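Asks: Please take these sequences and the hints and turn them into a complete structure.
Protein chains in written order, with the numbering used here: chain A, 1 to 292; chain B, 1 to 292.
Hints are computed from structural coordinates only; laboratory data are not their basis.
The model shown is predicted, which means the values in this text are computed figures rather than measured ones.
Virtual Cβ for every residue (Gly too), placed ideally from N, Cα, C.
Don't take every hint at face value.
Some but not every residue of chain A turned toward chain B, in silico, with C-beta under 10 Å [claimed, not checked]:
| # | residue |
| --- | --- |
| 1 | E143 |
| 2 | W146 |
| 3 | D177 |
| 4 | G179 |
| 5 | D217 |
| 6 | D225 |
| 7 | V234 |
| 8 | N252 |
| 9 | G253 |
2 protein chains.
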Amino acid sequence: MTATQTSRYPSRVEPVPRLLPRHDPVVWGDASLGPLDADRLGRYERVGFLEMESLLRPDEVTELLAEVDRLATDPDILTSERAVREPGDQTLRSVFEVHRVSERFAALCADERLVGPARQILGSDVYVHQSRVNRKPGFRGREFYWHSDFETWHIEDGMPAMRALSVSISLTANRIDNGSLMIIPGSHRRYVSCVGETPDDHYRQSLRAQEYGVPDDESLQALVDDAGGIRTVVGGAGSVVMFDCNAMHGSNGNITPYARCNVFVVFNSVENRLVEPFGGLSPRPGFLADRS
Amino acid sequence: MTATQTSRYPSRVEPVPRLLPRHDPVVWGDASLGPLDADRLGRYERVGFLEMESLLRPDEVTELLAEVDRLATDPDILTSERAVREPGDQTLRSVFEVHRVSERFAALCADERLVGPARQILGSDVYVHQSRVNRKPGFRGREFYWHSDFETWHIEDGMPAMRALSVSISLTANRIDNGSLMIIPGSHRRYVSCVGETPDDHYRQSLRAQEYGVPDDESLQALVDDAGGIRTVVGGAGSVVMFDCNAMHGSNGNITPYARCNVFVVFNSVENRLVEPFGGLSPRPGFLADRS
Numbered sequence: 001m002t003a004t005q006t007s008r009y010p011s012r013v014e015p016v017p018r019l020l021p022r023h024d025p026v027v028w029g030d031a032s033l034g035p036l037d038a039d040r041l042g043r044y045e046r047v048g049f050l051e052m053e054s055l056l057r058p059d060e061v062t063e064l065l066a067e068v069d070r071l072a073t074d075p076d077i078l079t080s081e082r083a084v085r086e087p088g089d090q091t092l093r094s095v096f097e098v099h100r101v102s103e104r105f106a107a108l109c110a111d112e113r114l115v116g117p118a119r120q121i122l123g124s125d126v127y128v129h130q131s132r133v134n135r136k137p138g139f140r141g142r143e144f145y146w147h148s149d150f151e152t153w154h155i156e157d158g159m160p161a162m163r164a165l166s167v168s169i170s171l172t173a174n175r176i177d178n179g180s181l182m183i184i185p186g187s188h189r190r191y192v193s194c195v196g197e198t199p200d201d202h203y204r205q206s207l208r209a210q211e212y213g214v215p216d217d218e219s220l221q222a223l224v225d226d227a228g229g230i231r232t233v234v235g236g237a238g239s240v241v242m243f244d245c246n247a248m249h250g251s252n253g254n255i256t257p258y259a260r261c262n263v264f265v266v267f268n269s270v271e272n273r274l275v276e277p278f279g280g281l282s283p284r285p286g287f288l289a290d291r292s
Numbered sequence: 001m002t003a004t005q006t007s008r009y010p011s012r013v014e015p016v017p018r019l020l021p022r023h024d025p026v027v028w029g030d031a032s033l034g035p036l037d038a039d040r041l042g043r044y045e046r047v048g049f050l051e052m053e054s055l056l057r058p059d060e061v062t063e064l065l066a067e068v069d070r071l072a073t074d075p076d077i078l079t080s081e082r083a084v085r086e087p088g089d090q091t092l093r094s095v096f097e098v099h100r101v102s103e104r105f106a107a108l109c110a111d112e113r114l115v116g117p118a119r120q121i122l123g124s125d126v127y128v129h130q131s132r133v134n135r136k137p138g139f140r141g142r143e144f145y146w147h148s149d150f151e152t153w154h155i156e157d158g159m160p161a162m163r164a165l166s167v168s169i170s171l172t173a174n175r176i177d178n179g180s181l182m183i184i185p186g187s188h189r190r191y192v193s194c195v196g197e198t199p200d201d202h203y204r205q206s207l208r209a210q211e212y213g214v215p216d217d218e219s220l221q222a223l224v225d226d227a228g229g230i231r232t233v234v235g236g237a238g239s240v241v242m243f244d245c246n247a248m249h250g251s252n253g254n255i256t257p258y259a260r261c262n263v264f265v266v267f268n269s270v271e272n273r274l275v276e277p278f279g280g281l282s283p284r285p286g287f288l289a290d291r292s
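Replies: Written out as structure tokens, the structure is:
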């Protein structure tokens with residue numbers, strides 16, 4: 001298996017991991033255009049993420065949670081490829097492409113409070129590359145190991161440049177103790193080239209437990225050392241964090257009774273549409289990476 | 001399998017879990033005797049634990065960490081029953097009975113800064129029921145699910161009353177993100193009677209992953225609801241937390257690079273020495289529960 005095209009961000013091809021520089025800007029747009037001011041844009045550029053407390057109103061959160069419950073009990077959803085269940089008890093963990101199966105989530109993904117900053121940061125019109133609802137149960141919530149989304153999107157989906165961002169919308173409280181999102185500040189400015197080849201169709205497994213595109217200990221240590229720490233994103237229901245596609249992030253498990261439910265929306269620049277995957281494999285299905 | 005003697009704290013005998021009242025005092029001693037004042041004793045009685053920042057000096061911490069490293073590379077220790085390794089990579093996770101294999105740890109277990117408060121809380125002379133060093137590695141630190149130590153010590157070791165306490169001594173920083181000890185405040189005042197029988201000799205497995213004496217979701221939820229939350233014990237190296245033998249505690253996994261190393265010492269009242277296990281099985285070995 002070899003790469004079919006030259007990549008500025010090679011991964012899963014060499015026997016040793018490497019920390020490579022980022023070749024793309026972080027902020028592509030202009031502070032003068034708004035809605036984010038120069039201060040917030042500058043911080044996003046520096047640390048790779050932006051936290052927005054109470055972006056959604058409580059009634060919106062209630063409505064979205066009800067919509068999640070509806071999806072989680074819809075037999076068509078549960079039996080579709082879009083649904084990912086817990087390895088153990090088959091509880092619903094994630095539903096992908098929620099903006100295509102739910103008018104409510106379609107509206108959320110088109111909400112100017114999310115799209116506006118995305119458009120400004122990415123310096124162009126944007127489209128939804130991926131959307132999903134993630135439910136992390138209480139008592140038995142599993143960890144999500146460190147990863148750069150861009151590494152996967154580049155190698156497996158053919159996203160050419162680091163010109164996308166994720167929006168994580170909390171429908172429940174993110175606490176210090178219930179497996180909340182952790183980000184390594186500044187990690188988006190370097191690229192961890194991972195080891196290990198990728199077998200075809202591995203995505204079915206990787207949605208449950210990662211095996212490929214896993215950063216090595218030494219690179220992670222270097223990123224954390226440079227950052228001087230790790231940011232655990234806490235906040236109430238309705239809070240939002242936007243983060244760069246190459247920000248190194250993950251989450252610990254959750255043995256507390258506090259379940260978590262978040263919506264993820266990935267906005268990609270219309271000037272950064274997918275090409276052939278840089279890892280040389282067939283593209284993953286559209287519900288994971290929009291190619292329409 | 002049936003219990004050989006009547007227990008005030010039955011567990012692993014009934015098909016449904018139950019929340020039972022505590023029949024023993026929490027504080028057995030007197031505030032006037034010191035070293036803890038009435039305020040601190042009262043708080044311990046109410047919440048079930050006591051945090052002491054910087055109890056050990058930095059040079060003591062350094063010395064103890066060096067001693068842990070020595071034990072972790074001692075072939076006699078590594079191959080003994082006292083050593084517990086990670087299921088995956090065989091890294092040393094714990095060494096039991098450290099006060100018997102190390103003069104340095106023997107001195108620590110006899111240190112008046114630890115023994116004084118223990119004697120006062122338990123209202124008598126005390127002895128070391130169990131001691132161990134726990135190493136929770138970075139990147140791949142596993143969770144430790146909720147449990148009451150007393151449940152195990154009563155059922156498997158024959159500890160008659162709730163008249164013991166654990167002292168956890170941090171040799172590294174306990175952070176919000178690296179799988180630090182979590183305690184449910186006030187949980188020590190009730191007893192979760194767990195379901196499921198206990199096979200003989202299961203302790204070899206249970207030191208790696210718990211299967212017996214695991215509290216049910218509903219009881220945990222009730223304890224957390226009553227407490228109004230969970231306390232994550234953070235603090236610098238050299239800090240200490242003492243907690244009641246029946247305090248419900250656990251810890252999340254740890255994907256951060258921040259490894260943790262703690263020493264646990266369990267002091268039991270000399271008036272609470274072990275009898276036959278209340279679960280009707282043979283007693284566990286002495287390195288887990290001193291019967292000398």
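Asks: Decide, hint by hint, whether the structure agrees.
Replies: Taking the hints in turn, this is what the structure says about them:
1. Nearest Cβ of chain B to the Cβ of A/E143: about 5 Å, under the 10 Å cut. The hint holds.
2. The criterion of a C-beta within 10 Å of any C-beta in chain B is met by A/W146, whose closest approach is roughly 6 Å, and the hint holds.
3. With 10 Å as the threshold, the beta carbon of A/D177 comes within range of chain B, its nearest partner Cβ sitting at about 5 Å, so the hint holds.
4. Annotation: A/G179 was flagged as interfacial toward chain B, and the flag holds, the nearest CB pair being 7 Å apart, inside 10 Å.
5. For A/D217, the interface hint holds, since its Cβ comes within 10 Å of a Cβ in chain B; the closest pair sits about 5 Å apart.
6. Evaluation of the A/D225 hint against chain B yields a held restraint, the C-beta minimum of about 8 Å falling below 10 Å.
7. This hint holds: A/V234 has a C-beta 9 Å from the nearest C-beta of chain B, less than the 10 Å allowed.
8. Contact between A/N252 and chain B, as hinted, is supported at the beta carbon level, the nearest pair being about 5 Å apart and thus within 10 Å.
9. Among the interface hints, the one on A/G253 holds; its C-beta lies about 4 Å from the nearest C-beta in chain B, closer than the 10 Å criterion.
No hint from the list above goes unmet by this structure.
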